[in-house]
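There are 2 protein chains.
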Amino acid sequence: MDIPEDGKIKNLSTDCVIFGFSDETLKILLIKLAAEPEKGEWALPGNIIMRQENLDDAAKRVLKELTGLEKVFMEQVHTFGNVNRFPLFRIITVAYYALINPDKYHPEAGGRTSDVRWFPIEDLPDLAFDHNKILDYALNKLQRKIRFEPIGFELLPKKFTLTQLQSLYEAINGVKLDKRNFRRKILNMGMVIELDEYKEGVPYRPPQLYKFDKAKYDKLKETGLLSN
Amino acid sequence: MDIPEDGKIKNLSTDCVIFGFSDETLKILLIKLAAEPEKGEWALPGNIIMRQENLDDAAKRVLKELTGLEKVFMEQVHTFGNVNRFPLFRIITVAYYALINPDKYHPEAGGRTSDVRWFPIEDLPDLAFDHNKILDYALNKLQRKIRFEPIGFELLPKKFTLTQLQSLYEAINGVKLDKRNFRRKILNMGMVIELDEYKEGVPYRPPQLYKFDKAKYDKLKETGLLSN
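Residue numbers (my numbering), protein chains in the order written: chain A, 60 to 287; chain B, 60 to 287.
In isolation and in its complexed conformation, chain A is listed as follows (with noise of 0.2 Å):
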């Protein structure tokens, strides 16, 4: 039997790629490492798995403990096991992701972590281990799947300008859109809805207000993009 006494499963992890979105700017969640190896550097949040844990469910524990965030809905994005990965043994880690709003959280470091904090994709750190490859796969994968699935509903305020639908969009395929193509595909996808209201505080030609149609969007997100 390879799993030890104390519960552990100690050459199998999981990290957690959590992607923010707010000021206009895609973001990372970082923890700083505690401990030895790498101590002082920055990463992922992940650690072991436990013997009588499933794997969904450690991600779930890894992040609370590490970050304190809880409630995340992570999915499963790709299992790295490079046999150097790890300096001081065999770990393969199963990596996982998700896209949430940073106001709707609070961050705490805890566990093997002396700090905790969101850095802009366009301004992050050196990660300790193989984990800047681990984030860059994620983000592709984020990327593909924005291609497949709406996103904004809970990245956005309810009601918003298609500007700031597109901001979001243009964060996190870290290119420029061409507005008039963006607001044609967001309008034609039908899940948006016009609203009779515009933008305060703005004196001059105030942008028109949206909101998500839950109901469309929600179909969108079971049946996909390309369904119609």
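Simulated from the structure, these hints should not be mistaken for lab results.
Treat the hints with care, as some may be off.
[Said to hold, decoys possible] Interface residues of chain A toward chain B, partial, derived using beta-carbon atoms under 10 Å: (1) N70; (2) R110; (3) E112; (4) H137; (5) N141; (6) I151; (7) P262; (8) G283.
Given the structure is predicted, the values throughout are model-derived calculations rather than measurements.
Glycine included, every Cβ here is placed at the ideal spot set by N, Cα and C.
Position chain B relative to chain A; hints supplied.
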């Protein structure tokens, strides 16, 4: 250290979901288990990962050992690790998948395998362990993938009819498609080239032949079907 001297990581395995397409049918490659537990049951080709082996290499080795198949390009699909998924002790498995042309390979049972065989996806035996669940997951991923990326290049003859191409999409999705819509979409993608040739041996209104535009096909593989 959790890894014993014999070089196996006993709580980590890999399973291979090998889809095949021929005779207008989607198939799956299964092995018959020659050892307990579940001796005599059909299963996905899978086995324990070695200590000095990257995950991708392990999948290739296991597939070759159990089925004789080589040079199959597999992608990782998901890691399954529920506490009780294996009856004897905790095993987490990293699943890989591929879609190949069965006519180009010659399966041969090896290792702890007493038989290896293609089964039509619509007429499967009950599989060992949680392999039905793994297969379903991989099929779902394949179905999503073909909405994104072109398929068919290595699965159809060099010159094919649009009906043959349609039957590939239908076999994977398990649904009948509308002929006119399908043709319009495929031709819009620009990945097939109309030939000035017609299928032989069809006396009345023989169907026109097409071939893939390799350059366009490869580009779409890279950028995705939604890029334009």
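A quick look at each hint next to the structure:
no.	hint	in the structure
1	N70	holds (5 Å)
2	R110	holds (6 Å)
3	E112	holds (7 Å)
4	H137	holds (6 Å)
5	N141	holds (5 Å)
6	I151	holds (6 Å)
7	P262	violated (39 Å)
8	G283	holds (7 Å)
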